[in-house]
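Engineer: As a plain string of letters, each chain reads:
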Amino acid sequence: MHLGPPGPEPIGLGRFGEFGGRYAPETLVPALVQLEREFRDAWSDDDFREEYASLLSSYAGRPTPVTECHRLSERLGVRVMLKREDLAHTGSHKINNVLGQALLTRRMGKKRVIAETGAGQHGVATATAAALFGLGCIVYMGAVDVERQALNVWRMKLLGADVIPVQSGSATLKDAVNEAMRSWVASVESTHYCLGSAMGPHPFPWMVREFQRVVGDEAREQCRELLGDADPDVVVACVGGGSNAIGTFAGFIDTGARLVGVEAGGLGLESGQHGAAVERGVPGVVHGMRSLFLQDEYGQVLEASSISAGLDYPGVGPEHAMLAASGRAEYHAATDEEALAAFQLLSAIEGIVPALEPAHAIAWVAREAGRTIAPGSTVLVTLSGRGDKDAAQVAEMLGELE
Amino acid sequence: MNLESHLRSRRDGGAKLLVPYVTGGLGREWHEVVRAVVDAGADAVEVGIPFSDPIMDGRTIQEASQRALDLGATPVGVMDAMATIDVPAPLVVMTYYNLVARLGHERCARHLRQCGVDGAIVPDLPYDELDGWGEAADAAGVETVLLAAPTTPDDRLAQICERSHGFVYGVSLMGVTGERDELASHAGEMGRRCKAATDKPVLLGVGISTPAQAAQAAATADGVIVGSALVRRLLDGGGPDEAAAFVRSLRVALDS
Ligand SMILES: Cc1ncc(COP(=O)(O)O)c(C=O)c1O
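Just so you know, the sequences run in chain order A and B. Using my numbering, you'd call the opening residue of the first sequence number 1 and step up by one each time. Using my numbering, you'd call the opening residue of the second sequence number 1001 and step up by one each time.
From chain B, some residues computed to sit far from chain A (all C-beta separations above 10 Å):
id	residue
1	S1009
2	E1106
3	G1239
Here are a few chain A residues that face chain B, going by a calculated C-beta distance under 7 Å:
id	residue
4	Y23
5	V29
6	P30
7	M181
8	V185
9	Y298
Hints were generated in silico from the structure; no laboratory data involved. Quick caveat: nothing in here was measured; it's all calculated off a predicted structure. For every residue, glycine included, the Cβ atom is placed at its ideal position computed from N, Cα and C.
Work the whole structure out from these sequences, hints included.
Structural biologist: Written out as structure tokens, the structure reads:
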């Protein structure tokens, strides 16, 4: 496989419009400066790109296919295609980013990586790359997520990582990011922080988008083949921190496609129990970036709430905040209940068990088909991961509902 | 009171500087704690405005922040309470940038000044991102203290020392706040590097936990900031008396 050309760099200290920036404790700033320089050099270095591309194909199984969903399309009256990141090694798009950052870690001469994880997919991907490259690996994970994603905790340990449950705050992804950052402040000279989404201080939002753009670049080509040289009318992806969505959007930003990010609607936006940072957040500066965050009137960050650990985050990456402000992309929410229904629907009529995160994207398409998505439209949905990790949790919930 | 000139005159008079940290809103007696530590020999006091996600803080200050928030502490509430603390020492707030940004730079700076707050430390607002806040704080007369870390290269250290007002905050270790058994090996070097770069007062902070460590750290710097070790005593149920006794022990160690 070959990589498409690099995308545009943010301006200045990682600005995406008024969002982004590098709001990090002084201890970390020199490492972020170094990382920015190393990434910029590496990303225009043919040898680095070749090695990255070869890992993506020979190790991660890229390119992943685009699958036409005939039965779902018939049901919804729109033509649905799935970009199958669930088929990538380790079961989600997270591997794309992690392999790139692992190569950079080696290039910087660091021997150890730390990571935060929500659903555990980024933790598993990081532990996998650490095993492959012989790096030490510590993963911070909210104690609540350790419970609900037990399978992934076990996988990380099997892969040789230490998993540290984080008890503070809401004990979910936000708190795992806090703890990973604190740990990085203490270890930055020897350790790379392998951040798992297109968020955080510059250069992470840019770098992670570039490592994920392979999703969108491939999908665009694949859609052209399926659609007789046309682009899809609508491109949809779920948004936690925003990495699978921004990687997908990167491939279609200059087409006429309607770009839609689907956030966690939790128990409904009116309930206040959700993770819809774009729809309901306000500008602020948290986790090293200026972006949109769920916060109270004083600026205290609110706890997000979602059935899916990977979307259970009260912020969003800064490029999404910019795309929302400019109107180039739109952001909507799907509730826990809708996601659960989509999880079952896709399993039953396509034989594909999605992770709960992209089940939100499917749910939005199912809701809007025939409404804001005109009948007969072509819709590409990024299926960012597979549902094995969620099976136990969903089985339990459905059991309770019965 | 001008923070920098106060600290300079104390230093130039031969004293080692002592700045304790107290979490604002932690218990009903927190203003009494501020008064008590000044009586016990503090040269200035750092008051934390609690934030939900303090990434430069370890367990003790995280817990104190959460407890203060649970007790209803708000940024403006802490500032207003500081206006009622009449002590012969400058007061400095330490908080995170999201709270400042939410209030708005000008409004936050003006309110701090109106409440008699002399300086501000915002650890997640590094030198290169200072612009909007830095200007507003300068205009309002709030001295913004910048942090220098063991990882800061020399050229950047010079810029930080130049731009910092009040004093220069040298981070004495690789890590976040919290008590440590020993003074970090970085402390001496950090003090020496900052002192070589500026004649502004240089204080070392983060991790300094005992009178002996304070004295050792002050050997290469102008003084120390002590946070978690004091806050832990408050979390454990201590009040103004316990705080004063601990600060007095730090003062004695620094003076001998
Ligand atoms: C399968 C899957 N999709 C999506 C996400 C959300 O992350 P992002 O928004 O960065 O793609 C996660 C995060 O854990 C995930 O595991």
